[in-house]
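Sequences listed follow chains A and B, in order. Going by the working numbering, the first sequence opens with residue 1, and the numbers climb by one from there. Going by the working numbering, the second sequence opens with residue 1, and the numbers climb by one from there.
Hints may be right or wrong, so weigh each one.
Unchecked claim - In silico SDA-like cross-links for lysine to any residue, where the CA-CA straight-line distance does not exceed 20 angstroms: (1) B:LYS103 - B:GLN121; (2) A:LYS63 - B:LYS217; (3) B:LYS103 - B:THR125; (4) B:LYS207 - A:GLU116; (5) A:LYS49 - B:LYS217; (6) A:LYS63 - B:PRO495; (7) A:LYS11 - B:ILE204; (8) B:LYS141 - B:ALA491; (9) B:LYS490 - A:ALA34; (10) B:LYS407 - A:GLU125; (11) A:LYS63 - B:GLY404; (12) B:LYS407 - A:ASP37; (13) B:LYS490 - A:PHE122; (14) A:LYS63 - B:GLU135; (15) B:LYS475 - B:VAL430; (16) B:LYS475 - A:LYS11; (17) A:LYS63 - B:VAL498; (18) B:LYS217 - B:ASP254; (19) B:LYS490 - A:ASP37; (20) A:LYS63 - B:TYR431; (21) A:LYS51 - A:TYR69; (22) B:LYS207 - A:TYR69; (23) B:LYS490 - A:LEU89; (24) A:LYS63 - B:LYS475; (25) B:LYS490 - A:ALA52; (26) A:LYS11 - A:ALA82; (27) A:LYS11 - A:GLU84; (28) B:LYS207 - B:GLU438; (29) B:LYS207 - A:SER66; (30) A:LYS48 - A:ASP103; (31) B:LYS309 - B:GLU202; (32) B:LYS490 - A:LYS11; (33) B:LYS407 - A:GLU109; (34) A:LYS51 - A:LEU89; (35) A:LYS51 - B:GLY190; (36) B:LYS475 - B:LEU486; (37) B:LYS60 - B:PHE6; (38) B:LYS405 - A:GLU126; (39) B:LYS490 - A:GLY36.
Bear in mind the hints are in silico, worked out from the structure with no lab data behind them.
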Amino acid sequence: MGILEGVKFTKEHEWAREEGGKVYIGISDYAQNALGDIVYVELPAAGKKVKAGDAISVVESVKTASDIYSPVSGTVIEVNDALEDSPELLNEDPYENYIAVIDPENLSELDKLMDEKEYREFCSEEE
Amino acid sequence: MAKLIFEMSRPGRTAYSLPPCDTATDLRDRKTAGQTGSDGKGAQEDVACSLIPERFRRKKDAELPEVSEVDVIRHFTELSRMNHGVDNGFYPLGSCTMKYNPKVNEDIAALEGFRAVHPYQADETAQGCIQILYEMDRMLKEITGMDRFSLQPAAGAHGELAGLMIIKAYHDYRGDTGRTKIIVPDSAHGTNPASAAMAGFEAIEVKSDERGGVDLKALKAAVGPDTAGLMLTNPNTLGLFDENIKEIARIVHDAGGLLYYDGANANAIMGICRPGDMGFDVVHLNLHKTFSTPHGGGGPGSGPVGVKKALEPFLPTPLAEFDGKQYRLDHDRPLSIGRVRSFYGNFGVILRAYAYIRTMGPDGLRKVSENAVLNANYLMHRLKDHFDLPYDRTCMHEFVLSYGKHKETGIRTLDIAKRLLDFGFHPPTVYFPLIVNEALMIEPTETESLETMDLFADTLISIAEEAEKDPEKVKSAPHRTYVSRLDEVKAARNPVLVHMD
Numbered sequence: 001m002g003i004l005e006g007v008k009f010t011k012e013h014e015w016a017r018e019e020g021g022k023v024y025i026g027i028s029d030y031a032q033n034a035l036g037d038i039v040y041v042e043l044p045a046a047g048k049k050v051k052a053g054d055a056i057s058v059v060e061s062v063k064t065a066s067d068i069y070s071p072v073s074g075t076v077i078e079v080n081d082a083l084e085d086s087p088e089l090l091n092e093d094p095y096e097n098y099i100a101v102i103d104p105e106n107l108s109e110l111d112k113l114m115d116e117k118e119y120r121e122f123c124s125e126e127e
Numbered sequence: 001m002a003k004l005i006f007e008m009s010r011p012g013r014t015a016y017s018l019p020p021c022d023t024a025t026d027l028r029d030r031k032t033a034g035q036t037g038s039d040g041k042g043a044q045e046d047v048a049c050s051l052i053p054e055r056f057r058r059k060k061d062a063e064l065p066e067v068s069e070v071d072v073i074r075h076f077t078e079l080s081r082m083n084h085g086v087d088n089g090f091y092p093l094g095s096c097t098m099k100y101n102p103k104v105n106e107d108i109a110a111l112e113g114f115r116a117v118h119p120y121q122a123d124e125t126a127q128g129c130i131q132i133l134y135e136m137d138r139m140l141k142e143i144t145g146m147d148r149f150s151l152q153p154a155a156g157a158h159g160e161l162a163g164l165m166i167i168k169a170y171h172d173y174r175g176d177t178g179r180t181k182i183i184v185p186d187s188a189h190g191t192n193p194a195s196a197a198m199a200g201f202e203a204i205e206v207k208s209d210e211r212g213g214v215d216l217k218a219l220k221a222a223v224g225p226d227t228a229g230l231m232l233t234n235p236n237t238l239g240l241f242d243e244n245i246k247e248i249a250r251i252v253h254d255a256g257g258l259l260y261y262d263g264a265n266a267n268a269i270m271g272i273c274r275p276g277d278m279g280f281d282v283v284h285l286n287l288h289k290t291f292s293t294p295h296g297g298g299g300p301g302s303g304p305v306g307v308k309k310a311l312e313p314f315l316p317t318p319l320a321e322f323d324g325k326q327y328r329l330d331h332d333r334p335l336s337i338g339r340v341r342s343f344y345g346n347f348g349v350i351l352r353a354y355a356y357i358r359t360m361g362p363d364g365l366r367k368v369s370e371n372a373v374l375n376a377n378y379l380m381h382r383l384k385d386h387f388d389l390p391y392d393r394t395c396m397h398e399f400v401l402s403y404g405k406h407k408e409t410g411i412r413t414l415d416i417a418k419r420l421l422d423f424g425f426h427p428p429t430v431y432f433p434l435i436v437n438e439a440l441m442i443e444p445t446e447t448e449s450l451e452t453m454d455l456f457a458d459t460l461i462s463i464a465e466e467a468e469k470d471p472e473k474v475k476s477a478p479h480r481t482y483v484s485r486l487d488e489v490k491a492a493r494n495p496v497l498v499h500m501d
């Protein structure tokens, strides 16, 4: 599972991956599957300051609308504009398609999250 | 598929036949009466036109459908047959209280004194109408244990917004301006956090405990000097009565917050217990649900908001008053949050609900709630062996089943709901509350007979069996409706908002 190496997960089914000191965040495969066909993604504004646990985005599917919480504190420095016209990208490849990039205040916040193995166990308990 | 009335339109076809107008529409120019202008149109039409400044006149004729009378009648009769309402079948839509709406309500609302009244009439010429508003306020106070109601909000979520604005005005008036957060349980109606955000608060979610009530520990951790209030439905969206309500009220009040009661589920408690006695400071009721006025498809609804004494000055203006002789509308209320709706709310809806309350009386309303609870428990017990029941407790007016563990057939709650349409039932609410996986939320209401509920239970059980034996049939349902599965994803991603050109 090379693709998920170094990827961390929250209990709310977001993923976070550190790359060059920045943190990419998105939703997990479990999350996109549970949400069903995603029809709209409300993206945060670049420059927005967030605390870990703050809602930074809303993902809307035919079934429901869900808040997406930032796994780390910091500043939103980039958003994935492609999701505006093609929200289905989150269904097609949730790990390739991030929602936003955060310039983190404290990278060690990532250590509190689950790794892939822990997350898989967490998901099977949720079933 | 039925055609749109615009597609049936043929140039020149009309549903009326009138002789040419033989009087001038403009009395300043009697000479033109009955004459025809050079463009073939009546001269009086030109006169009428000349009264409207050039820049406001249409350049093109309005594109209105041109159809005959029989076309109009057939078109709308056909549409009404495609519809499902409580007048043609069972409608167990959880959290919506789709009870039968007695037709006597319509007779009352159609009385000429109500029907022909104008909202700009002077108070002394509209005494009966103001009396209805005044008495409705008093009756709702008695039912809920509050001190004063405004009947203005146009529906439930509007009542929530008005109630939260009152909470905000109250804190602000006392100079207590740091209260920015509204606490909402995770089982709440989606409108609660939405209304909180609309009113400028931040919504904070608290989890439910294993019995389906508010988790007291989580609540204690969530309250503080920034707590403006808590929004709660009781019974909650699981159809369960929160037994800790007094303790919940104490925790919120001790932190300086106020309690808001979402009255969507009031059909369970009338004449039995009252939000005011439970410790709530603000309440809204949905007259269109609990008090039997037609809704669904847009209502109109009515969502009166009631408050305890300390909050009364902040209620929307005006309020109906009575000095022992005359009824009047009091506009002199300096601390009021102002108007939240034009005139006096949806008066026709208030009137129907008034007729209902007067018809039932206090004992009748108690029986309504008792039967609503009895019916829900009966259906729950008939269905609990065939579906999962995540919170197995005595329910109130509704209950929530789960159809969660059917990976092998791939059948989901949505498929079960669609299949119900084939048997002439409106499906229950599905996928709500969010804390129950693959939820089916069933509210039979008090107006259904044992036979109707048995037929519904038998049908639902047979669909559950069919889902195991012939899953394809359920997955492709409905089979007997005008349209089957709609492409909801495509509709949401690429909405087509214009029908023709």
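Hint by hint, here is what the structure shows:
1. Distance hint between LYS103 of chain B and GLN121 of chain B is unfulfilled; the C-alpha atoms sit about 28 angstroms from each other, more than 20 angstroms.
2. The suggested pairing of LYS63 of chain A with LYS217 of chain B is violated, with an alpha-carbon distance near 31 angstroms, which exceeds 20 angstroms.
3. At roughly 28 angstroms between alpha-carbon atoms, LYS103 of chain B and THR125 of chain B are farther apart than 20 angstroms, so this suggested pair is violated.
4. A distance of roughly 26 angstroms separates the Cα atoms of LYS207 of chain B and GLU116 of chain A; the hinted pair therefore is violated under the 20 angstroms criterion.
5. Between LYS49 of chain A and LYS217 of chain B the alpha-carbon distance is near 30 angstroms, which puts this suggested pair outside the 20 angstroms criterion.
6. Pair hint LYS63 of chain A plus PRO495 of chain B holds up; C-alpha atoms about 17 angstroms apart against a cutoff of 20 angstroms.
7. Using a Cα cut-off of 20 angstroms, the hinted pair LYS11 of chain A and ILE204 of chain B holds, with the two alpha carbons roughly 18 angstroms apart.
8. A hinted pair counts as satisfied when its Cα atoms are at most 20 angstroms apart, and LYS141 of chain B with ALA491 of chain B does not qualify at roughly 44 angstroms.
9. Restraint check for LYS490 of chain B and ALA34 of chain A: satisfied, since their Cα atoms lie roughly 19 angstroms apart, inside the 20 angstroms limit.
10. Among the hinted pairs, LYS407 of chain B with GLU125 of chain A is consistent with the structure: their alpha-carbon atoms are about 16 angstroms apart, no more than 20 angstroms.
11. Restraint check: the Cα-Cα separation between LYS63 of chain A and GLY404 of chain B comes to about 15 angstroms, which is no more than 20 angstroms; the hinted pair holds.
12. Of the supplied pair hints, the one linking LYS407 of chain B and ASP37 of chain A holds, its CA atoms being roughly 18 angstroms apart against a limit of 20 angstroms.
13. A distance of roughly 33 angstroms separates the Cα atoms of LYS490 of chain B and PHE122 of chain A; the hinted pair therefore is violated under the 20 angstroms criterion.
14. For a cut-off of 20 angstroms, the pair hint linking LYS63 of chain A to GLU135 of chain B is broken: about 42 angstroms separates their Cα positions.
15. Our distance criterion of 20 angstroms between C-alpha atoms is met by LYS475 of chain B and VAL430 of chain B, whose separation comes to about 16 angstroms.
16. Taken as a hint, the LYS475 of chain B and LYS11 of chain A pair is broken in the structure, with Cα atoms around 32 angstroms apart against an allowance of 20 angstroms.
17. Using a Cα cut-off of 20 angstroms, the hinted pair LYS63 of chain A and VAL498 of chain B is violated, with the two alpha carbons roughly 25 angstroms apart.
18. This hinted pair checks out: LYS217 of chain B and ASP254 of chain B have alpha carbons roughly 15 angstroms apart, not beyond 20 angstroms.
19. Straight-line distance between C-alpha atoms of LYS490 of chain B and ASP37 of chain A comes to about 10 angstroms, which keeps the hinted pair within the 20 angstroms bound.
20. Between the alpha carbons of LYS63 of chain A and TYR431 of chain B the distance comes to roughly 8 angstroms, so the proposed pair stays at or under 20 angstroms and holds.
21. Between LYS51 of chain A and TYR69 of chain A the alpha-carbon distance is near 9 angstroms, which keeps this suggested pair within the 20 angstroms criterion.
22. For the hint linking LYS207 of chain B to TYR69 of chain A, the alpha-carbon distance of about 17 angstroms falls within 20 angstroms, and the restraint holds.
23. Restraint check for LYS490 of chain B and LEU89 of chain A: satisfied, since their Cα atoms lie roughly 15 angstroms apart, inside the 20 angstroms limit.
24. Straight-line distance between C-alpha atoms of LYS63 of chain A and LYS475 of chain B comes to about 17 angstroms, which keeps the hinted pair within the 20 angstroms bound.
25. Among the hinted pairs, LYS490 of chain B with ALA52 of chain A is inconsistent with the structure: their alpha-carbon atoms are about 34 angstroms apart, more than 20 angstroms.
26. A C-alpha spacing of about 26 angstroms is found between LYS11 of chain A and ALA82 of chain A, which places the hinted pair above 20 angstroms, so the restraint is violated.
27. A hinted pair counts as satisfied when its Cα atoms are at most 20 angstroms apart, and LYS11 of chain A with GLU84 of chain A does not qualify at roughly 26 angstroms.
28. The suggested pairing of LYS207 of chain B with GLU438 of chain B holds, with an alpha-carbon distance near 19 angstroms, which does not exceed 20 angstroms.
29. For the given pair, LYS207 of chain B sits about 16 angstroms from SER66 of chain A by alpha-carbon distance, which is consistent with the 20 angstroms threshold.
30. A distance of roughly 10 angstroms separates the Cα atoms of LYS48 of chain A and ASP103 of chain A; the hinted pair therefore holds under the 20 angstroms criterion.
31. Taking the CA atoms of LYS309 of chain B and GLU202 of chain B, the gap is about 26 angstroms. The hint is violated against a cut of 20 angstroms.
32. Among the hinted pairs, LYS490 of chain B with LYS11 of chain A is inconsistent with the structure: their alpha-carbon atoms are about 30 angstroms apart, more than 20 angstroms.
33. The straight-line distance between the Cα atoms of LYS407 of chain B and GLU109 of chain A is roughly 36 angstroms, outside the 20 angstroms bound, and the hint therefore fails.
34. Restraint check: the Cα-Cα separation between LYS51 of chain A and LEU89 of chain A comes to about 26 angstroms, which exceeds 20 angstroms; the hinted pair is violated.
35. About 24 angstroms separates the Cα atoms of LYS51 of chain A and GLY190 of chain B, which puts this hinted pair outside 20 angstroms; it is violated.
36. Pair hint LYS475 of chain B plus LEU486 of chain B holds up; C-alpha atoms about 13 angstroms apart against a cutoff of 20 angstroms.
37. Restraint check: the Cα-Cα separation between LYS60 of chain B and PHE6 of chain B comes to about 17 angstroms, which is no more than 20 angstroms; the hinted pair holds.
38. Between LYS405 of chain B and GLU126 of chain A the CA atoms are separated by roughly 12 angstroms; this keeps the pair inside 20 angstroms, and the hint holds.
39. The straight-line distance between the Cα atoms of LYS490 of chain B and GLY36 of chain A is roughly 13 angstroms, inside the 20 angstroms bound, and the hint therefore holds.
Checked against the numbered hints above, the structure breaks hints 1, 2, 3, 4, 5, 8, 13, 14, 16, 17, 25, 26, 27, 31, 32, 33, 34 and 35 and satisfies the rest.
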